[in-house]
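Trainee: Spelled out from the first residue to the last, the chains are:
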Amino acid sequence: MSAENFKLTGESKFGVIALGVGVAGVAASVAGLFIDHKTFYFAYLVAFMFWMAIALGGLFFTLIHHLVGAEWSIVIRRIPETLASAIPMMAILFIPIVLGMHDLYEWSHEEAVAHDELLKHKSAWLNPMWFTIRAYIYFGIWTFIAWTLYKASLDQDGGKDVTEKMRSVSAPSMIVFALSITAAAFDWLMSLDPHWFSTIFGVYFFAGSWWTTLACVVLLSMYLRGKSKLGEVMTIEHYHDLGKLMFGFTVFWTYIAFSQFMLIWYGNIPEETIWYKHRWEHGWQYVSMFLFIGHFVLPFLVLIFRASKRSFTVMKIVASWFLLMEFVDLYWLIMPTFTIVNPDAHHGLHFSWQHLTTFVGIGGLFLWFVWNRLTSASIVPVGDPRIEASIHLKNA
Amino acid sequence: MSMETATLKQEHRNGHHHVYVPEPELINDKPRFKTITDIISGVPEGKMPRLWWILFGISFALMAMYLAVITYLIWKGIGIWGNNTTVGWAWDITNFVWWVGIGHAGTLISAVLFLFRQKWRTSINRFSEAMTIFAVICAGMFPLIHMGRIWHAYWFLPLPNSMQMWVNFRSPLMWDVFAISTYLSVSIMFWYVGLIPDLATMRDRAKPGIRKTLLGLFSLGWRGGNRQWRHYERAYMILAGLSTPLVLSVHTIVSFDFATSVIPGWHTTIFPPYFVAGAIFSGFAMVMTLVIITYWMFPQIKQIINERHIDNMNKIIMVTGMMVGYAYGCEFFIAWYSGNPYEASIFIKRATGPYWWAYWSMITCNVIIPQIFWIKSMRTNLAVSFIVSIFVNIGMWFERFVITVTSLSQDYLPSSWKYFNPTIYDVACFVGSIGLFMTLFLLFLRYMPMVAMSEVKGVLPHANPHHPDHELNGHGNGHAHEQHRAEKVAELATKNGGR
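So the protein sequences, as listed, match chains B and G.
Here the first sequence stands for residues 1 to 396, where the numbers follow the numbering used here.
Here the second sequence stands for residues 1001 to 1499, where the numbers follow the numbering used here.
All clues given are correct.
Dumping the calculated EDC-like pairs for lysine to aspartate or glutamate here, alpha-carbon to alpha-carbon at most 16 Å:
1) B:K7 x B:D157
2) B:K229 x B:E11
3) G:K1376 x B:E164
4) B:K394 x B:D241
5) G:K1119 x B:E71
6) G:K1119 x G:D1311
What the hints contain is simulated information worked out from the structure, not anything from laboratory work.
Make the full structure from the sequences, and use the hints.
Mentor: Structure below.
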């Protein structure tokens, strides 16, 4: 099996379109920044977290794949590896968040901190300088892990024996990953409401992130099947397994979301329940209900059937739905805090055209980067010694 | 399209995959199917070794003491324990959670690892399923005896007509009753369904008599036909699917016993997954302890449960130990981050207050000691594995003790702060429950096939239809090429002198 067979040659069109759309999106977003910077930064954070979630999920996919020595996912591995390799670009795209901190995070307002005992207490952790340094520590860690594994994987295509190396890199990386994704979720999302706290929040963000990446892998691989020989090695059996994981992690996400909700509801302590109260008034209750139905009930009912997981059409629809729901989830996490830094704004849903422009802008650049990487190497890790077993995967 | 991929595609379309990819051997010395039957069935068919009798004697004595202590406890009331007005829950709930936690490994191994296609689980699943059932029995004892008036135990059940009222459905303790009884029944069902083919094997080997009759009765007329296997495998898959959410739900609800309250150190959102990870951690540690004790009694088992299994189990112990460590870290961070003075105070007191020794025992045993498993030679070393598993058992007991007692002994009202001192009866109940557990476990070894023979055979390399030796075992199932098969038959015929 040779790498040449699985190269996307002369397929630069997708990348060009993505770049074009991305640049147009960024231009429109910049216009948005000047028109209404308050809305811009919130919309930007939602969009940024969405694509970041996919990249981080890709990193987790790669790590867990190596750690458990999975066979079935070898033919798919290059896709999550590539998604993760886009993390350094996300580090650049994080700059607007650093610049717009004042419009996003209440704890960055010196006058607010001065009058608030809790914020004063937290300022050792939540202050602009340390927040920025931390963010770039996370990006540094993730980039290092993602690029080390990506590079090793390409070396393997060239015939180098790196299986053990990839596994031994993944073990400590998984620990660092778990800690850094938790801290990032605390910093970037939880601290939007700086008085509120939840120990499970890091796991919640992780659950959604990995869930979305599974869907993204399904969609990307389906697109690649039409463009390359991927379809010869990646069969419905692999989609069946991806579907099982999508089903399992639909339940896992719900389990984590429920654990958080249920314990806060039952404990009924105002400093904790306020977070859910904000999401149960001024129209937000409909988003909350939609999240429950769309992020759990519908995927659960569809994916529980074997036939759905073994249908390209159904998998394509479900995976697209997953992406939509992750966006809704992040929107639901982030947007209700808009009135914390903008007390005069109205409390309802804020759906602005800027959500679209920022989403398309970041997404276009992200996909352009990913596509460039995909076209520069084989889309299947052909050098993996166990690839035959992966190709011949069969569900009992 | 290259020739290679073209062939692959063609083969795939035909649904034939005659590629045999050798895997690392799960079983030592490449035994034939019969060797496995002989080793496993041989244990209950033969005489028990001296060590078995010694352990059984000790365990039985402890169990007898347990019954005596329980009798006295019910006679006298739970005042004989060290519980006081401040610490109303102490060793009883610690023991309860500890045992329920241990009872998680069985279902994890039989259900979750099954769904994840982890073939190595076949050597240890029977074992840990049995352990699960016994651990849940031990766990169930503690809420029962904590009631004091054990004859009112049926008040746990929603019996509106006879009681003229409902139980309190809002109480997580009530959900525990449902969760644990469901878990126990599904675990028994899973265990029993898995046992059927093996009981039939033992029946076929038994000499006529009461043993054969009983084995015949419980193997439900199993003949090992194609249709029976098909039904069996479907049932097994369904039970695995049903049990997986149970693995999560039981310890989730146990965590709710604490987390739904507003006691500092109890009310935190990470409790459900944290408790589940801890349960798997302690369960695997107990499986490890028992496997190694079984090695001492029946060294022939080493052929079936080998270094690879020990290695894998130790990896899971290390991973789940770190998950628990992650939860400790999150709790500590948020205790500070929240700015809640009660929360912060309880965590600082855990580490530096009157129970500092319990807290640091927990951290040492659960987070620090398992780190030795980063070294591969340590993961496969039996002495090290045994010692670490004991430390984890101790550490997980301390975890529950720390959670329960530190939070209760110093809560919101300093005037009612009290230190908890266990009495001899606390210790006797705990040690006695270990006696009950070990007695049941040793009886299981004495009477039952301790490893799922049929499943282990299924993962042997020559059970794979694409393995070159497959037909030699006489289990060809028609997947192989007819021509290839004919060749093999001819070859066998020549070997057998043309018969």
